[in-house]
Amino acid sequence: MLQGWIVVGASFLYLSLLFAIAYWGDRRADQGRSVIATPYIYALSIAVYCTSWTFYGSVGRASSSGPHFLPIYLGPTLMACLWWIVLRKMVRISKRNRITSIADFISSRYGKSTLLGGLVTVIAVVGIMPYISLQLKAVSTTFNVLLSAAPGEAGSLFTDTSFYVALSLAAFSILFGTRHIDASEHHEGMVAAIAFESVVKLIAFVAVGVFVVWGVHDGWGDLFGKAALDPAIAKLFTIGSVADHGNWVVITLLSMVVIICLPRQFQVAVVENVDETHIRKAVWLFPLYLVLINLFVLPIAVAGLMRFPGGTVHPDTFVLALPMAHQFEALALFAFIGGLSAATGMIIVETVALSTMVCNDLVMPVLLRLRWLKLHERSDLSRLLLAIRRGTIVLVVYLGYLYVRLIGESFALVTIGLVSFAAAAQFAPAMLGGMFWKGATQKGAFAGLTAGFLIWMYTLLLPSFARSGWLPESFLDGPFGIGLLEPYALFGLSGLDHVTHSLIWSMIGNLGAYVMVSLLTQQSAIERIQASLFVDAFRGDQRGSRFWRGSATVADLTALVVRFVGAERAERAFARYGRTRGVDVASLRDADADLVNFVERLLAGAIGAASARVMVASVAQGEIVGLHEVMEILDEASQVIAYSQQLETKSRELEIATEDLRDANERLKELDRLKDEFISTVTHELRTPLTSIRSFSEILHDNPEIDPEQRQQFLMIIVRESERLTRLINQVLDLAKIESGNAQWDIVTVDPRDVIRDAAAATGQLFKDKAMILRLDLPDEAPVVRTDRDRLMQVVINLLSNAVKFCEAGRGEVTVRLLALRDGVEVCVGDNGPGIPLAAQSKIFEKFQQVGDTMTAKPEGTGLGLAICRSILNRLGGSIRVESTPGRGATFCFFHPLEAQTAEAAEARPGV
Amino acid sequence: MARPPHAHRGLRLARPSGLTERLGAAFLLGLVLFMPPLLAVFGQGGWLAGIPVAFLYLFGAWIALTLVLALIIERAPPDEAPLPPDEPAER
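For the protein sequence lines, the chains are A and B, in the order given.
The first sequence begins at 13 in the working numbering and counts up one residue at a time.
The second sequence begins at -3 in the working numbering and counts up one residue at a time.
Hints are supplied without guarantee of correctness; some may be wrong.
[Unchecked claim] Label pairs and their in silico Cβ distance ranges:
#1 Pro32/B x Thr661/A: 34 to 42 Å
#2 Pro32/B x Gly16/A: 21 to 29 Å
#3 Ser663/A x Pro32/B: 37 to 45 Å
#4 Ala49/A x Pro32/B: 36 to 44 Å
#5 Pro32/B x Leu398/A: 33 to 41 Å
#6 Arg395/A x Pro32/B: 52 to 60 Å
#7 Gly403/A x Pro32/B: 42 to 50 Å
#8 Pro32/B x Arg593/A: 54 to 62 Å
Bear in mind the hints are in silico, worked out from the structure with no lab data behind them.
Where a beta carbon is used, it is the ideal one built from N, C-alpha and C, also for glycine.
My request is simple: use the sequences and hints to build the entire structure.
In structure tokens:
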């Protein structure tokens, strides 16, 4: 038997530890070294879902209906799969719009409606109150169990444990939940404490489970084997009939939505989220937590039923009763602390969430409208805000306490919990619908919430009052005895669980009204704006300021912010705004729409979106643009996105086209330059012979008495120069023809040796004139090639006459060699002339490029011979190169393929 | 002629579906596992190695789903679009 003071002392120690952790967490947060900036703490804080209802109530439910305690945890597991889609969007929206409660979220989505925010708050308070009292009841009941007092013997106020628990929890919530008014409403100390509590309750429950399975029994097989002997217990290992399946499905869906709709879950998962990416890990850590804390529920229930047959001990208290029955009092005490932590965690977060809602969405809007309070003239309202929140916490906790004193004894834990779940589920259509359906209207949301709430009251809350004696029993048979209106069997729908029954009707009413009214009513301008901000949270331009026109002075805005959040915080907020925008806010006189929007969001964090809008409107002239313009801007925005995507594609295409054009232009410019150069060179080359012809003609003309021998000589020069001129012009024309591709190509099969011999014969006179030797080094066999015979011969002749020109008369030796290669023939013309300097070798094939100084030494030839060779060979698909060591002769080699390429292929060859 | 070993692999090179699709699939898996009719199949009673089939099935499926979630999350690349810096975390 545990002594009362031990239990009280342990509880006190535990609560002190909680205070210490929260204090430490807040201190670290103030120093900027957050302890909650990890996904593990985040996931653990979400486990505030598991309240004392889980801790004690699950066992109770499992004792009566087997696995049916599970849907309450399977639903959240299913929702966790979708967290990355749903919860992340909620977090993103809430951070953007500084949303701090579920009432604010819904009100903000539907045009920052004060009415809607108030309605959500009322539903939350009425719906959650039983849940809070459930926790208090659990603490006092289990305390009594521990002391083996008769449960329910509450005694006077001052001996009632739940009173003291409520007292200390209110203190905790006030200290760590409402420390200051902040735009973000992060309570790091509180979150740290909640995470710690999640660990404690998990370890405590698992410890009891391990004790039951391996301490009391001999493992799983032993426990279940004994249970199988009792048919009543063995029945607990089945899901049951079709109606049971219906309950299973409904409860799963219910708990699926409440994991994001319960005010406390919204608080920890959305408001207290410090980093969106934490959601990722929570997606599997939270289900893991749920698996672990539920693993031993059924074994404990089964063991309890076997140990305490005949209902001597309430199944809700098996977790404590089993260790106590086996004289493991320390374990029982630890389990009690676990249950206490489950209860306190829930109460703390829930009261903080409710106090924010009541303050921002119920009290402030009313106070701000009451002119006679002269709130508009108060210089600092942040103290008032804190006072309201603290008052709300005390009020909520004590309403919960009163509820448990007055009504609490008539229900099992699970039933009360599900009543609250059903209330919270009423938020789901407006909330989820609002995030994914732009067309949902304020009136639709209001109609849906009202319908759902009223049906919930009629089918769950009021009957529970009737059963507790607050209303006449006859209410359960339907008002005025009308059977069709029976609260637990509305319109004759019977045979279902009360909660399932209520959910079916309330969801039909809620969803039906929400969708129908939304479809039949119009959105106002601000609703349209908010709808697009919510639904398109992950897309594009998120500035609300686009929709606002008008002006306000910076001084007015600053004064407004200071009144609600205090001077120091206001200053910091403006400084941060200035830093991100690169302006000094204090130096401005008039605020732009962006700054007004910033102030509104800042205030929204402190007093809720609806009130913030009213307050900003009171100092700013002008308003949001009309509905028509809003539609235009929004349509514009979506069109702009589509256009910009098209533009991007276009501009990429254009870039490529431009690049091509630039290249083409470069080539054209280069060609143009070459052409100019060519023309100027040609004219220069033409002028030289012309000049000499003209000057000799003039001499002959001016001096008729010139002696005949000299005259003959001069005439000879004139004739030679004319020949040279003709040759030059012919070659220029030739080259132009080849390069332009207009030349006729007459492809025939020839023996390259014949071509070389003919060329040698044609140039024989030149060699004789200069007394030079020409040697032909031709193989006995050579492949035939298909080529234009005349052009090929022209190449060889050009090379031979070139060699003649540069060799010293009398000593010159020229060798022509033919080499048969695999894919063509190579012809090399070598001489023993002066050779070509290395620097000139690369340029020698260009037009009018001649070796030697053209200014001093009179070059022989036109400077076009090699250029023509190269052009011809390129056209035929061959190539030409030179090898030379200055002073030791030069060798020109060209390659010709077996089959000359067609003109088309030649056309495509680059560099022709 | 021998086909190069990687020739048909191109079919499998389609863009791997994103985190959202995978988690959506996990959700559907959960629905199938925890709802009738599969539930009804395993909820009829019966024993396996001394442990009730319903208990074994529900927790087995639950743990398996959690594992699947863990695999999906931990193998996915880091989030591509975190909250833009324009919105500083308020403190």
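Per the hint of 54 to 62 Å, is the separation of the Cβ atoms of Pro32/B and Arg593/A within bounds? 57 Å, holds
Mind checking the hinted window 21 to 29 Å against the Cβ distance between Pro32/B and Gly16/A? Violated: the Cβ-Cβ distance is about 49 Å, outside 21 to 29 Å.
34 to 42 Å as the expected CB spacing between Thr661/A and Pro32/B, which holds or is violated: 50 Å, violated
Distance restraint hint 42 to 50 Å, applied to the beta-carbon atoms of Gly403/A and Pro32/B: Cβ of Gly403/A to Cβ of Pro32/B: about 48 Å, so the range 42 to 50 Å holds.
Tell me if the beta carbons of Arg395/A and Pro32/B are separated by a distance inside 52 to 60 Å. 56 Å, holds
Has the hinted range 33 to 41 Å been met by the Cβ atoms of Pro32/B and Leu398/A? 51 Å, violated
A range of 36 to 44 Å was offered for this pair. Does it hold for the Cβ distance of Ala49/A and Pro32/B? About 42 Å separates the Cβ atoms of Ala49/A and Pro32/B, which means 36 to 44 Å holds.
37 to 45 Å was suggested as the range; check whether the CB atoms of Ser663/A and Pro32/B agree with it. Once the Cβ atoms are compared, 56 Å apart, the range 37 to 45 Å for Pro32/B and Ser663/A is violated.
The structure shown violates the earlier hints numbered 1, 2, 3 and 5.
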